[in-house]
Amino acid sequence: MDLAFTPEEQKFREDIRAWVQANLPTDISHKVHNSLHLSRDDMQRWARILGKKGWLGHAWPKQFGGPGWNSVQKHLFEEECALAGAPRVVPFGPVMVAPVIMTFGSPEQQARFLPGIGSGEVWWSQGYSEPGSGSDLASVKTKAERQGNTYLVNGQKTWTTLGQYGEWIFCLVRTSNEGKPQTGISFLLIDMKSPGVTVRPIVLLDGGAEVNEVWFDNVVVPAENLIGEENKGWTYAKHLLSHERTNIADVNRAKRELERLKRIAKLEGVYADTRFRDEIAKLEVDVVALEMMVLRVLAAEKSGKQSLDVAGLLKIRGSEIQQRYTELMMLAAGPYAVPLIREAMEAGWQGDHVGAAHCAPLASTYFNMRKTTIYGGSNEVQRNIVAQTVLG
Amino acid sequence: MDFDFSDDQEQLRDAVRKWVDKGYAFERRRSIEQAGGFSREAYAELAELGLCGLYVPDDQGGMGMGPVEGMVVMEELGRGIVLEPLAQTLIAGAVLSGYAPDAVKASWLPRIVGGEALVVLAHQERAARYRLEICDAKSTPAPAGWALTAIKSVVPAGDMADAFLVPAIADGKLALFLVERTASGVSTRGYGTQDGGRAAEVTFQNAPATLITLDGLTALEYAVDIGIAATCAEAVGAMDQTLSITTEYMNTRKQFGVAISSFQALRHRVADMKMQLELARSMSYYASLKLNAPAKERRAAMARAKYQLGISMRFVGQQAVQLHGGIGVTDEYIVSHYFRRLTQMELTFGDTLHHLGEVSSRMQDTAGVFA
Numbered sequence: 001m002d003l004a005f006t007p008e009e010q011k012f013r014e015d016i017r018a019w020v021q022a023n024l025p026t027d028i029s030h031k032v033h034n035s036l037h038l039s040r041d042d043m044q045r046w047a048r049i050l051g052k053k054g055w056l057g058h059a060w061p062k063q064f065g066g067p068g069w070n071s072v073q074k075h076l077f078e079e080e081c082a083l084a085g086a087p088r089v090v091p092f093g094p095v096m097v098a099p100v101i102m103t104f105g106s107p108e109q110q111a112r113f114l115p116g117i118g119s120g121e122v123w124w125s126q127g128y129s130e131p132g133s134g135s136d137l138a139s140v141k142t143k144a145e146r147q148g149n150t151y152l153v154n155g156q157k158t159w160t161t162l163g164q165y166g167e168w169i170f171c172l173v174r175t176s177n178e179g180k181p182q183t184g185i186s187f188l189l190i191d192m193k194s195p196g197v198t199v200r201p202i203v204l205l206d207g208g209a210e211v212n213e214v215w216f217d218n219v220v221v222p223a224e225n226l227i228g229e230e231n232k233g234w235t236y237a238k239h240l241l242s243h244e245r246t247n248i249a250d251v252n253r254a255k256r257e258l259e260r261l262k263r264i265a266k267l268e269g270v271y272a273d274t275r276f277r278d279e280i281a282k283l284e285v286d287v288v289a290l291e292m293m294v295l296r297v298l299a300a301e302k303s304g305k306q307s308l309d310v311a312g313l314l315k316i317r318g319s320e321i322q323q324r325y326t327e328l329m330m331l332a333a334g335p336y337a338v339p340l341i342r343e344a345m346e347a348g349w350q351g352d353h354v355g356a357a358h359c360a361p362l363a364s365t366y367f368n369m370r371k372t373t374i375y376g377g378s379n380e381v382q383r384n385i386v387a388q389t390v391l392g
Numbered sequence: 001m002d003f004d005f006s007d008d009q010e011q012l013r014d015a016v017r018k019w020v021d022k023g024y025a026f027e028r029r030r031s032i033e034q035a036g037g038f039s040r041e042a043y044a045e046l047a048e049l050g051l052c053g054l055y056v057p058d059d060q061g062g063m064g065m066g067p068v069e070g071m072v073v074m075e076e077l078g079r080g081i082v083l084e085p086l087a088q089t090l091i092a093g094a095v096l097s098g099y100a101p102d103a104v105k106a107s108w109l110p111r112i113v114g115g116e117a118l119v120v121l122a123h124q125e126r127a128a129r130y131r132l133e134i135c136d137a138k139s140t141p142a143p144a145g146w147a148l149t150a151i152k153s154v155v156p157a158g159d160m161a162d163a164f165l166v167p168a169i170a171d172g173k174l175a176l177f178l179v180e181r182t183a184s185g186v187s188t189r190g191y192g193t194q195d196g197g198r199a200a201e202v203t204f205q206n207a208p209a210t211l212i213t214l215d216g217l218t219a220l221e222y223a224v225d226i227g228i229a230a231t232c233a234e235a236v237g238a239m240d241q242t243l244s245i246t247t248e249y250m251n252t253r254k255q256f257g258v259a260i261s262s263f264q265a266l267r268h269r270v271a272d273m274k275m276q277l278e279l280a281r282s283m284s285y286y287a288s289l290k291l292n293a294p295a296k297e298r299r300a301a302m303a304r305a306k307y308q309l310g311i312s313m314r315f316v317g318q319q320a321v322q323l324h325g326g327i328g329v330t331d332e333y334i335v336s337h338y339f340r341r342l343t344q345m346e347l348t349f350g351d352t353l354h355h356l357g358e359v360s361s362r363m364q365d366t367a368g369v370f371a
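Those protein sequences? They're chains A and B, same order as listed.
Start counting the first sequence at 1; every next residue gets the next number (my numbering).
Start counting the second sequence at 1; every next residue gets the next number (my numbering).
If you're looking for bench data, these hints aren't it; they were derived computationally from the structure.
Wrong hints could be hidden among the right ones.
Straight-line distance between alpha carbons at most 25 Å, and here's what the computed SDA-like set of lysine to any residue pairs gives [said to hold, decoys possible]:
(1) 266(A) x 370(B)
(2) 305(A) x 14(B)
(3) 282(A) x 129(B)
(4) 296(B) x 271(A)
(5) 254(B) x 180(A)
(6) 11(A) x 368(B)
(7) 62(A) x 305(A)
(8) 296(B) x 260(A)
(9) 11(A) x 4(B)
(10) 180(A) x 262(B)
(11) 238(A) x 384(A)
(12) 282(A) x 346(B)
(13) 62(A) x 1(B)
(14) 282(A) x 293(B)
Just chain A, with the same shape it has in the complex:
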């Protein structure tokens, strides 16, 4: 047992840190460090910078153009990016659909889709949830009928994050109504420029339109866009979810935001209040405990000697912590969290702030983060999964 990183891992970290410092545009990191609005261009600029270096798919194996890093190296890379204020990589392409294409796609599909994902040129969206299928994903109804060499797709997806920018979307579609719901699902890649695809933004409680409804009205999709076999899509989707494990805990971002919380609490004068500071202290222990749990998983993956089935716990705890730091930041701002001035959440706004500029986005961020205990399998569904592993 050893808590320390090896000298090689330390060196690796330093190299990553230097590269990120040299390559992350400061106008972007400024926005991240202050929860200001990130545009499509901001996100894609950073994705392309990573793509050019071959690190957008930082978890990809070498054979598909990735760096072939082990679990600890991946973690160090993610941590250095997060601490430096890099935007989260939009995961749908490089983190979610790419591993499915690598594992279950044909060589032709791999050659066709992976380069655009790895370079950050093509924006992917996720078509999983439907109005009637939230946590119960296997009940998807969006229908794909085979007609010769094409599928005819009809139905509706929803909660499609950043779908307004999407160029391609990977969807779970129903190709059969026989047997269990899980057995009639297929995994289909759809060009969002196809006739019959309509994207409508959903305005959320923070006033932003981060998610969308995506409608499919007689959309014709070439059969060659089917991943693997028809009706096996559920298996592929589960594989995809297994790639979200430590990622979803987002402990690196939590460390960065904890620092920011302390800065804001000091500037707003509540850090000296024991009652408030103790709440930060509790969160600090929560973050250290989560980080230790993540490190245990990474070390187990690296050595291969233990299997640690704590993915559900990481999701629950990570999302609770995300919500808590946004909550405490808002509480630190106190009355100055109340004004809703949208322009004040844009970088470079020259207007008069109410209170300090750092207060402007805090309530909106708090509202926005309520999603974290709902998405990716709600925390209640996660508890079902955890209980299953303990009780059988």
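Chain A is already provided as a structure; the job is to place chain B on it using the hints.
Only chain B this time, still in chain A's reference frame:
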């Protein structure tokens, strides 16, 4: 970055677990509790396993092992809620071999290793509660050493121990002394404790004392930190077993015609218990792996760990009783004994609020496992 146990560590775990399973079954534990809460015989068996010399260097007859081995052993003793206070012996072994003059080492360490001498920390005072720097005890130079006057509270197995490690003010500064229980001026008032174990109020009236170190606060902090890491590990073992007892019960107990483990409200509670257990395990690793760090870093880590463990212990203990229903509050059934042990461990070496205060007052701009 490595959280695997070595083969030797796994063997050590197996040996202790085997002894706990075969040698320290619930019935024996109960008879020890009824006989006063401490068994010399059981303690001697721990010594036979080599555990009393775990933190004593090889050249002084011990096993010369480190915090990870200590953690492994304490987890297993916690699994069986063993009453004999091995954490105290780990403290005595490490503190004496680290700070005591050679003559004291030569006189005491072999007996500690062999289990003939039980040496425990007697540091708690009424006015100090969990604060280590506050001390009413006084020690003054005497013709043949020192004379120590103090009242120390809730000293583990205090009326059974052979000697005490006692912090006292000497020449205006906290120093650490060793005092034998049978020395003149020492009196003890023993009693049972909530977990079925034993403790005592110990009064020292101009008792002859041997100086361990004049840098007493440094040694005392080290002693308590060894105790915290050991208690964290012991609590993980106890919680692990508590959860396992609870889930087994839930899968057999039927109400409304079905096993109660089928009810979602209860299943979610189990998920929350598992969460607290794994957070606690993570922080117990953290505590043990930071035990040899420089004092400032070590102290901060122990506060974080004991805070988390306190939260976890209380939750897992309370919920285990709740999920058992009526049988959970009986003395007959084993789960209440785990609950009592867990509760007492929260109150040992600083409770949850105390350590929250420590974390809060030590907070820096950056945080994390490596900060």
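How the hints compare with the structure:
For the suggested pair residue 266(A) and residue 370(B), the alpha carbons sit about 23 Å apart, so the restraint of at most 25 Å is met. Straight-line distance between C-alpha atoms of residue 305(A) and residue 14(B) comes to about 18 Å, which keeps the hinted pair within the 25 Å bound. Between residue 282(A) and residue 129(B) the alpha-carbon distance is near 22 Å, which keeps this suggested pair within the 25 Å criterion. With a C-alpha separation of about 22 Å, the suggested pairing of residue 296(B) with residue 271(A) holds against the 25 Å cut-off.
Proximity of residue 254(B) to residue 180(A) is assessed by CA-CA distance (about 30 Å); at most 25 Å being required, the pair is judged violated. Proximity of residue 11(A) to residue 368(B) is assessed by CA-CA distance (about 19 Å); at most 25 Å being required, the pair is judged to hold. Between residue 62(A) and residue 305(A) the alpha-carbon distance is near 24 Å, which keeps this suggested pair within the 25 Å criterion. Restraint check: the Cα-Cα separation between residue 296(B) and residue 260(A) comes to about 24 Å, which is no more than 25 Å; the hinted pair holds.
For the given pair, residue 11(A) sits about 23 Å from residue 4(B) by alpha-carbon distance, which is consistent with the 25 Å threshold. For the hint pairing residue 180(A) with residue 262(B), the CA-to-CA distance comes to about 22 Å; that is within 25 Å, so the pair holds. Simply put, residue 238(A) and residue 384(A) have alpha-carbon atoms about 16 Å apart, close enough for the 25 Å limit, and the pair holds. For the given pair, residue 282(A) sits about 17 Å from residue 346(B) by alpha-carbon distance, which is consistent with the 25 Å threshold.
About 23 Å separates the Cα atoms of residue 62(A) and residue 1(B), which keeps this hinted pair within 25 Å; it holds. Distance hint between residue 282(A) and residue 293(B) is fulfilled; the C-alpha atoms sit about 23 Å from each other, no more than 25 Å.
Against the hints set out earlier in the document, a violation occurs for number 5 only.
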